[in-house]
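Chemist: These protein sequence lines are chains D and E, in that order. Positions 1 to 292 (this note's numbering) are the ones given, in order, by the first sequence. Positions 1 to 439 (this note's numbering) are the ones given, in order, by the second sequence.
Note that these hints are calculated values from the structure, not bench results. All residues carry an ideal CB built from backbone N, CA and C; glycine is no exception. No false leads were slipped in.
One-sided excerpt, in silico: chain D residues whose CB lies under 10 Å from chain E:
1. G45
2. Y63
3. K123
4. V147
5. S148
6. M152
7. G239
8. A241
9. R258
10. F259
Taking lysine to aspartate or glutamate and the EDC-like style, the derived pairs with C-alpha atoms no more than 16 Å apart in a straight line are:
11. E/K426 <-> D/E53
12. E/K430 <-> D/D40
13. E/K426 <-> D/E57
14. E/K426 <-> D/D40
15. D/K46 <-> E/E92
16. D/K46 <-> E/E95
17. D/K123 <-> E/D250
18. D/K46 <-> E/E432
19. E/K422 <-> D/D61
20. E/K429 <-> D/D40
21. E/K429 <-> E/E212
22. E/K324 <-> E/E56
23. E/K333 <-> E/E361
24. D/K66 <-> E/D410
25. E/K422 <-> D/E57
26. E/K62 <-> E/D37
27. E/K43 <-> E/D342
28. E/K422 <-> D/D60
29. E/K62 <-> E/D35
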Amino acid sequence: MSIFFSKNSIAWYFILPVLAVHFMVVALPSLLSLALCLTDWNGFGKINYVGFENFYELFDDRYFKKAVWHNIVWTCLFLTVPIALALTCAYLLTGITKGQMLFRLCFFFPYMLASIISCQIWKYIFHPLYGLPAWLNSKGIDLIPAVSPFTMKETSLYAVAFVDGWHFWGFLVVIYITGMYQVDNSLYEAADIEGATKFQKFRFVTLPLIRPIFIFSIMIIIIWSIPTFDYVWILTQGGPAYSSEVLATNLYSQAFDRFNVGYSSAIGTLMFIYTIFIVSIFGVLRKLGWEI
Amino acid sequence: MKKLFIVFITTIFSIVSFNTYAKTTVTWWAEANADRDPVFQAKLVDAFNASQNEIELVIEFKEGLNDILRTAMLSGEGPDIVETPGPSYVKEYQEAGLLQSMEGYSGQYGWEDKLLPWSYQAGVFNGEFYSAPKTFESMIMLYNKTLFEENGWSVPTTLSEYEDVASKIKAAGMNVFAYGSTGWQPTHEHLVGMYLNSYAGPDNVYKALIGEKDWTDPEFTGAVELLRKHMVDDGYWSGSLENYYALGWDDFHAMFASRGAAMMTIGTWTFGATAAGFADSSDEWDWAPFPVLRDGGADPAYLLALGTTMSINASSANPDAAAKVFDFIFSNKKVVLDMAADFNFGEFVVPLYFSADDIREDVSPQVKRYLVEFAEATGKGDYGYTTWTFWPADPGVHIWKDMEVVWAGDISVEDYMYDHQKMWDKARKKGELLPVGAR
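With the rest of the complex left out, here is chain E (with noise of 0.2 Å):
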C-alpha cells in the first residue's frame, strides 16, 4: 500500500512538473526552399531555442504556401506565425479578421525603434501594426565594372548620359542590359516602378500613392512612353522584347557574366547568383543606383520593398510566445546577418538599422556598400516605391499585366494610365489601400 502510494505522488508530481516547466509550443510556416531550410533550421530555430528554455520554435516548410496557409487560416487554423508574401497578402488577412494585431507587443519591446522606418509603417493597417517584414530588397543597377574600364564608359547618373551609354554599348555589339521575364511575368513591374521613381520622382510616385496626384498626369504618361521608348524601339533588354520575354533568371545571369550585355537592371536578390556568375570570370561586376530620368536631376531613390511579411494568426493560442520569437530577430541583428550573409542577402534581410561594423568580414564589399549607403539614403528621405509593396491587388497586376499591351502597341500609354487610374479610384472606394509611411 505504502510503495502504491509512493508510486502515485511520483506520477503526480512528474505530471504536474511536466506541465509546470513544459515549453510552449510556436508553430512557423514558411515557404520551402531546399537550400535555405537548413540555414533557417540550424541558424535561427535552433538558436533561438537554445537561447531560453520557455519556447520550442518549430518552424515547417511548406510547397505552395500561400494556397495552403490561406486554407488552413480561413478554417481557424494554422500557425501562430503567419508569413505571406507581401502586404497586399496581409491586408486581405487583416481585414477578414485573421490576425492579431502587435500593437501592444511593438509598444512592449519597442519595435519601432529597432526596424527602418518606413518597414515598420508598412505594417501598420488601421493603425495598429499587423505585420513585421522579414526582408527587405530594392531595384539597382548592376554593371560589369572591368568593361566600362576597358571601354571608358562611365556609369550614368541622368538621362543623356543613360541613353549616351547605352548608344556605345550598343555600338560594341553587346546589349545594354540583361533582363528577361520568361517563369516570372510581373518582371516587368520591376522596370515600371525605376521608371515611375526615376523619371516622375518618389515624391510625385507617394503624392499619387495617397491621392493626391492623378496617374494620368504628364509625368507618369511620360514615364511609361520612355519605358516602351527603350525597351520597344531601342531594344535595350537583352536587344529586343521578344528577347526580354524569351530570357529567364538563368539566361539574363549567363548572358551578363559573360558580356552579353553590359548592364543588369535587377532587385538586390540578384546578389548571390551574380557573384555565382562571375565566379570563373577575370570581369568584375559593381551596382549603382538607377539613374535619375528627370530634368534637373537629384539624389537617386532606392525603391523600398519588402520581400515577405511576418504576423501573428488571429487564432494563435501563444500570441506572447510568438511576439518574443519576433522581439529575438529585431534584437539581434548578428544572427540576421549572419543568416542574410549565407543566403548572400537575397532572402532574411530584416531591415534593421544596420552599420558597417555589424557586417561580417567575408561579405563582399559590394554588398557591404549596398547596406550602407542605403540605410544612409533611406534613413535622408531618398526613396521610392515598389509596385509589389505598395500597390493594392488590382492595379498591382494592372501595372505589368498591361504593360505588354502598351508594348504591343495595341493600347496608348494614355489610355493604359487611365485604366490605371480607374483601379485605383475603385481600390480608394474599396478601402483597398495599403499603408504608406508619411514622407
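Next comes chain D alone, as it looks inside the complex (with noise of 0.2 Å):
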C-alpha cells in the first residue's frame, strides 16, 4: 500500500494527466496511423487488410525514391551550410562588443517570420516580371536572368533549401554564441599566453567546449529535416516535376490528394523508423560517454 504513496509514486500522479492527453491525442493517433500503413483506407470508408502490399509499392515508386534521394541531399545541406556559417558568425559576434545585441536581432529575425511570409518575400524577390533580377535587367544589368529558381528543376531543391536555411541560421546562431559565452574566459587567456591563433582557440577551446550544444544541433538538423514540409509545400509544391518533393510533399499529397491513406501511412511509418534509429545513435553514444 505504501507503494501508491511513496515520494516517486506521488510524482507519477502529477505527470498522469499530461500522460493520459499525450496518449489520447498523440501516442494513440500515432499507433493507428503506425498500424494504417497495412491497409488500403483511402480515409473513408472500409479497411482492408493488405499485409506489406503499401511497401513492396513503395520500394517501387520512382517518385518515392526521389523524395527519400531530396530529404538525404536537405539533410546534407543544412548539416553543413548553415551550421558553417552560424559557427563563424556566432565566434566572430563574441568579439564584437558593442552593437552586438542588433546584429543577434538581425540574424534571429527571420526565425521569428512565419514561414508564409519568408516564402513570400523570396518569392516575390526572384519573381519573374516584378522581382530584383527582373528590375535589374530593366536597368541594363544582366547580371542575374529573369527566371525563379523556384521554377527551374535544376534549381528548385537548392532554392528552397536556400529560403529555410535563411530562416533557420539565425536560430543555430543563437544558440552557439549562447554556449560560447560559457566557456571559461581563463582559457582563451592561457591560449593568448601560448600563441594561440584566433582559429586555434577556436578549433582548440571553443569548439570542444560547445560541443553538447554542436551535437544537439546536429541531431536536431538531422531530425527536423525528415518531415520538412512547409517551406517546400508554400513554395514549390514539390515541383516542377517532383524536383523539389521530399517525403513530406510525398506523404501529403498520397493522402489529400490521391486518397491512399494507407499508403501515405507506409510512408509515415517509414519516416518514423529512421527517426528512432537516430535518435537511437544518440543514445547509444551518450550511453559511450559522449557528451551530448
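Assembly of the complex is requested from the two constituent chains, each provided in isolation within its own frame, with the hints serving as guidance.
Modeler: What follows is the structure in C-alpha cells.
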C-alpha cells in the first residue's frame, strides 16, 4: 500500500494527467496511423488489411525514391551550410562588444517570421516580372536572368533549402553564441599566453567546449530534416516535375490528393523508423560517454 | 391552489405549443470566404427562412472545410447538408455509406427536370441520386477584343488559325496567353483537359472514360504532345514554362489586363476578376470557346465541370427538411441568378435551365452570352469533360502532377499516357470510377 503513496509515486500522479492527454492525442493516433500502413484505407470507408503491399509498391515508386534522395540532400545541406555560417558568425560576434545585440537580432529575425511570410518575400524577390533580377535587367544590368529559381527543376530544391536555411541559421547563431559565452575566459587567456591564433583558439578551445550544444544542433537538424514540409509546400509544392519533392510532401499528396491513406501511412512509418534510428544512435553515443 | 393549477396548465401548454411549432433546424457547413459569406447569409439563408415557417436553415462557414467535414462525418456527426469540392469526394463519402440517397426526393420534387441533364447524371452513384451541383464551370478562352481589332487578328477556331494568331501575337512582342500555376499546381489540368477534348474530341474522351478506348491511343498522345510543344517549345503561356510556373492569379490577370498577353485560357470563375482588371482600362475583353485543334473541324465543345456539390448526411436527423432547402434552390432561378451575379458568376451558378430573360439587366453582356450559349450548346450535346469532375482521384492527380515531368523532358508522352492508362485500369478494377452520363 505504501508504494502508492511513496515519494516517487506522487511524482507519477502529477504527471499522469499530461500522460493521459499525450496518450490520447499523440501516442494513440500515432499507433493507429502506424497500423494503417498495412491497410488500403482511403480515409473514408472500409479498412482492408493488405499486409506489406504498400511497402512493396513504395519501394517500386520512382517518386518516393526521388523524395528520399531529396531528403538526404536536404539533410546534408543543412548539416553544412547553416552550421558553418552560424558557427563562424557566432564566434565573430563574441569578439564584438558594441552593437552585438543588434547583430543577434538581425540574424534571429527571420526565425521569428512565419514560414508563409519568408516564402512570399523570396518569391517576390525572384519574381520573373516584378522581382529584383527583372528590375536589374530593366536597368540594363544582366547579372542574373529574370527566371525564378523555384520554377526550374535544376535549382528548385536548392532554392527552397536556401530560403529555409535563411530563416533557420539565426537560430543556430543564438544557441552557439549562448554556448560560447559559457566557455571559461581563463582558457582563452591561457591560449593567448601560449600564442594561439584566433583559429586555433576556436578549434582547440571553443569547439570542444561547446560540443554538447554542437552535437545537439546536429541531432535536431537531422531529425527536423525528415518531416520538412512547409517551405517546400509553399514555394514549389514539390515541383516542378518532382524536383523538390520530399517525403512529407509525397505523404501529404498521397493522403489528401489521391486518398491513399494506407500508402501514405507506409511513408510515415518509414519516416518514424528512421527518426527512431537517429535518436537511438545519439542514445548509444551518450551511453558510450559522449557529452551530448 | 387555483393559481398554481393555472400556472401549471399554462406552462404545459407553452411547452407543448413550443414543441409543436418549433422550427426544424437544418445545418449546412460551407467553406468560409469573407466576400461570399454575407451574400449567402442574406440572399439564401435569410430568403429561405423568410419563405416558410417550418425550417430554420443555419449555414456555418468553416476554414479548411474538407478536413473538418471528413473528421465529423467519420464519427457520425457533421451537418445535415454536406458540401464537397467535387464528385471524387462524393464518391468516397457515398462508398463509405456517409451520404443518404436523394433518389426519393428527386422523384418527389422533380429535380431531374430542373437540373441540366449532365449535371444531374454526375450526381448519380450506383443508380441513385446522391449529390446535387452547387455550381458549374467551363473552360473558355478570353481575349483582348480591342487589341484584336486594332491588329486585325481573328479569334481562332482551328489549329492553323490558332498557331497563326499566336505567332502574330508573339511577333507583336506580347505573350500569347496569360496564365500561371503558382499557388495552385492543379492549374495544369485546365490545359490538359482543353487539349484532350479539343484535339482528341469529346467523343473519344467519353469512350476513354467509359473504357472503350485507351489513353495510350494516338488521339490522346497527340493532344498531350501538342500541348507540350505549345507550352515548352513555343512558350504560349506567359512566355515560358518557368514563367507559367511562377505566375499566380493576380499576376496573370494583371498581365492580361495590361496587354502583357493577348489571350487567357481559364475557367468561367474568372469573370469577376477579369471585369475588375479591365475596369480601369479603355480596352474591352471578350471570350470565345477554345478552338477545335483536330483535323476536319467541328463545333466547339464546352467542357463540363462541377465546382461544388451538395448532399444529405447519412446521419442527418432532418433529411426531409434538407431536401426542402435543395428544392427551394432548384425552384428559384431568380435567387440563384441573383447570388451568382453578386459573385460575378464564379460561384453558385447552379446548373438550371436559364434563358436570357432570367438574367439580371446589370449582368455584363459577355457573361450573359456565356450562360445562354453554354445552355444551348450543352443541350445539343456539344460538351466535353474536365478532369476534376470526371477523373477518379489517382488518375486525376496524375494528369496534372506528372504533366510537369513530361514538360521537364524526363518522361516521354507515350510513357506518361501509359502510366495514366495503368491508373485508370486500377481505378476501374477497384470500382472508383465517377459517374458519366451517356452521350
